[in-house]
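Protein sequences, first through last, are from chains B and Z.
If you count the first sequence from 1, position 72 lands on 71 in numbering that gives the first Met the number 0, and the numbers rise without skipping.
If you count the second sequence from 1, position 225 lands on 224 in numbering that gives the first Met the number 0, and the numbers rise without skipping.
Hints were generated in silico from the structure; no laboratory data involved.
None of the values given here were measured: they were computed from a predicted structure.
Some clues are possibly wrong.
[What the hints assert, rightly or not] Heads up, incomplete: computed chain B residues facing chain Z, CB under 7 Å, no partners named:
#1 ALA134
#2 ALA137
#3 SER141
#4 VAL149
#5 GLN153
[Stated by the list, open to error] Result set (DSS-like, lysine-lysine): computed pairs, CA atoms no more than 25 Å apart in a straight line:
#6 B:LYS129 to Z:LYS96
#7 B:LYS129 to Z:LYS108
#8 Z:LYS158 to Z:LYS96
#9 Z:LYS188 to Z:LYS177
#10 Z:LYS114 to Z:LYS158
#11 Z:LYS111 to Z:LYS96
All residues carry an ideal CB built from backbone N, CA and C; glycine is no exception.
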Amino acid sequence: MDLLDQLADTFFNWEEMAKVIPALLMVGLPNTLILAVTSGILGSLLGLLLAMMAISRNAGARWAARVYTDIFRGLPAILVILVIGIGLSPIAREITGNRNPYPLGILALTLIAAAYIGEIFRSGIQSVEKGQLEASRALGFSYGSSMRLVVVPQGIRRVLPALVNQFISLLKDSSLVFMLGLAASDREIFRIGNDAMANTGNLSPLVAAGIMYLILTVPLTHFVNFIDNRLRTGRPEKKEPDELAAPIGKGAQA
Amino acid sequence: MTEFTSGTLTGKNLHLSFGHNHVLRGIDLHVEKGTTASVIGPSGSGKSTLLRVMNRLIEPDQGDILLDGRSVLKDNPDELRQRIGMVFQQFNLFPHKTVVDNVSLALRKLRKLPKDQAHAEALEQLDLVGLKHKADARPANLSGGQQQRVAIARALAMKPEVMFFDEATSALDPELVKGVLALMADLAKGGMTMVVVTHEMGFSRNVSDTVTFMDAGVVVESGPPEQIFTSPGTDRLKGFLSDVL
Numbered sequence: 000m001d002l003l004d005q006l007a008d009t010f011f012n013w014e015e016m017a018k019v020i021p022a023l024l025m026v027g028l029p030n031t032l033i034l035a036v037t038s039g040i041l042g043s044l045l046g047l048l049l050a051m052m053a054i055s056r057n058a059g060a061r062w063a064a065r066v067y068t069d070i071f072r073g074l075p076a077i078l079v080i081l082v083i084g085i086g087l088s089p090i091a092r093e094i095t096g097n098r099n100p101y102p103l104g105i106l107a108l109t110l111i112a113a114a115y116i117g118e119i120f121r122s123g124i125q126s127v128e129k130g131q132l133e134a135s136r137a138l139g140f141s142y143g144s145s146m147r148l149v150v151v152p153q154g155i156r157r158v159l160p161a162l163v164n165q166f167i168s169l170l171k172d173s174s175l176v177f178m179l180g181l182a183a184s185d186r187e188i189f190r191i192g193n194d195a196m197a198n199t200g201n202l203s204p205l206v207a208a209g210i211m212y213l214i215l216t217v218p219l220t221h222f223v224n225f226i227d228n229r230l231r232t233g234r235p236e237k238k239e240p241d242e243l244a245a246p247i248g249k250g251a252q253a
Numbered sequence: 000m001t002e003f004t005s006g007t008l009t010g011k012n013l014h015l016s017f018g019h020n021h022v023l024r025g026i027d028l029h030v031e032k033g034t035t036a037s038v039i040g041p042s043g044s045g046k047s048t049l050l051r052v053m054n055r056l057i058e059p060d061q062g063d064i065l066l067d068g069r070s071v072l073k074d075n076p077d078e079l080r081q082r083i084g085m086v087f088q089q090f091n092l093f094p095h096k097t098v099v100d101n102v103s104l105a106l107r108k109l110r111k112l113p114k115d116q117a118h119a120e121a122l123e124q125l126d127l128v129g130l131k132h133k134a135d136a137r138p139a140n141l142s143g144g145q146q147q148r149v150a151i152a153r154a155l156a157m158k159p160e161v162m163f164f165d166e167a168t169s170a171l172d173p174e175l176v177k178g179v180l181a182l183m184a185d186l187a188k189g190g191m192t193m194v195v196v197t198h199e200m201g202f203s204r205n206v207s208d209t210v211t212f213m214d215a216g217v218v219v220e221s222g223p224p225e226q227i228f229t230s231p232g233t234d235r236l237k238g239f240l241s242d243v244l
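Chain B extracted, bound-state conformation (with noise of 0.2 Å):
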C-alpha cells in the first residue's frame, strides 16, 4: 500500500464512514441541532435583556451586564461547560432528581451564547439613531413602548449577519458538551464521530462529522451574506418614475 493509498484509507475509508452515518443522522445531527437551537433562543432572549441594562439609566443594571459580559466572554468556552456542567450537577439533581447533563450543557452554551449576543444586540440598537427614540416619545409613547416598538426592532435587523455568525460559533461550541459525558442517545455530531473514530482506530468517522458541520454552517454562511446584501442594498421594491426626488437616507433602512 502506498502512501496515498494509506492516507485516503485513514481520512475517506467509505466503509467505516457508511457505518457511522446513521448514528450521525439519527442521533447526532438532532441533538446537536436542540443544543445549538435551544441555547440559540434562549442566550438571545438572555442577550436582549443584557443590551437592555446595558444601554439603561440605571448604573446598577449597566454594571451588572458588563461584569457578565466580561466573564463569559473572557473564559473559554470548554471552561464554562466544565464549571456550569460538573458543578451545578449536584444541585440540578437535587431539583429535578435527574442526574443527566444535558440539560447542563444547554444552560452553560446559553449563558455564553448570551454574553456574545448581548454585545451583538447593544452594538445595534446603540446605532440606531437618536431621532427615532425622540420622535417616539414625541408621540407619546413611553421610554419601554419606544424602545420595543421602534429603537430594537431597527437595531435587530442591523445586527442580523452577526447574529447568524454567532449561531454558526454556537453551533460549533455545541460538540464542547461531549465532555459531560452524555448517554449514548443524548451524544451529538462530534461525539459520535470521535466515538466511532476511537472503535476502529481510523479517522474517516471524524471527517463525517465534519462534513455533517460544513452541510449545516456553510449555507449558513451565504445565508449571512445574502442578509447582509440585502440589508446594504435595502430590499427591492418598486419605485415610481415621477419620483421628485432621489430618496434620501438610503441608508436608513436597515
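Got chain B sorted already, so can you dock chain Z onto it with the hints?
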C-alpha cells in the same frame, strides 16, 4: 383643512442647564390658542431645546409649563406629549415601517383603536397632506419633502392641541421647501396652535402671529412680525436680521 381642538400654551421662566452650560436662562413664551408663534435666532441660541423642554422631552430645571392655563409639570409626560405634536428637522420617520404604519402606530398603540380604524384614519391624514398614494411605500423611497409631510401627518393623527415644528424645512432641498411650508401655513390658517422654530424668515413674517427672537438662552425681543422685522428694537436683533435677510 379641518378644524382643530387647539389649546393655549405658556412657558414661564424656563431654565435648563447641561452641566455648566446654561442653555435656557428664564424663557417666557405664550402662544394663544389657534395662533402661530415663530421662534427665530442664531444656531445654538436654545430654540430647539426650548421646544423639547416645553413638551418635556427634557425636563426643565426651573419654571412652569401651562396648557390651557393649567400646569402640566406634574402630569405624566407621555400623556402631555400625546397632546403636543412634534415635527423634526430630520423627519425621523420609522424606516422599518410603511408610510401608513408610521401614521397609524400611535393610533393603534396609544389611542388603542382597532387596526382597521387606525388604518383608515391614517389614510385620511395622508390624504390631507397629499400622500395617500404613498401609503404602502417605505419612508426611504420618498423624497425629503414627502417624508416631512408624512411626519406632519403622523403628528396630526394624534389630534394634538399644539404642534411644534423644529426647523422642519432645514434639511430639505430648496425646491421641496415650498410644499412643506404651504402645508404648515394651511395648518396655521386652520386654527392649529403652533410653535415654529425656523430659519425661514418669509414664513415667520407672513404666517406667524408673534415672533420671538432668542439669543444665548434668553428671549431678546418678542412681538408681532411687523414690529420684529421692520423696527427691531435691539442691536442683537438688528445684527441677526441683517445676517439672515
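Now for the hints, and whether the structure bears them out:
The interface hint given for B:ALA134 is met, as the beta carbon of that residue sits about 4 Å from the closest beta carbon of chain Z, less than 7 Å. Among the interface hints, the one on B:ALA137 holds; its C-beta lies about 4 Å from the nearest C-beta in chain Z, closer than the 7 Å criterion. Satisfaction of the interface hint for B:SER141 is found here, the shortest Cβ-Cβ separation to chain Z being roughly 5 Å, below the 7 Å cut-off. The interface hint given for B:VAL149 is met, as the beta carbon of that residue sits about 6 Å from the closest beta carbon of chain Z, less than 7 Å.
Interface restraint check: B:GLN153 against chain Z, minimum CB-CB distance 5 Å, threshold 7 Å, status holds. Annotation: proposed proximity of B:LYS129 to Z:LYS96 holds, straight-line Cα distance about 17 Å (limit 25 Å). With a C-alpha separation of about 21 Å, the suggested pairing of B:LYS129 with Z:LYS108 holds against the 25 Å cut-off. Of the pairs offered as hints, the one joining Z:LYS158 and Z:LYS96 holds, with about 21 Å between alpha carbons and a cut-off of 25 Å not exceeded.
Restraint check for Z:LYS188 and Z:LYS177: satisfied, since their Cα atoms lie roughly 16 Å apart, inside the 25 Å limit. A C-alpha spacing of about 18 Å is found between Z:LYS114 and Z:LYS158, which places the hinted pair at or below 25 Å, so the restraint holds. At most 25 Å may separate the alpha-carbon atoms for a hinted pair to count; Z:LYS111 and Z:LYS96 meet this at roughly 18 Å.
When each numbered hint is compared with the structure, no violation occurs for any of them.
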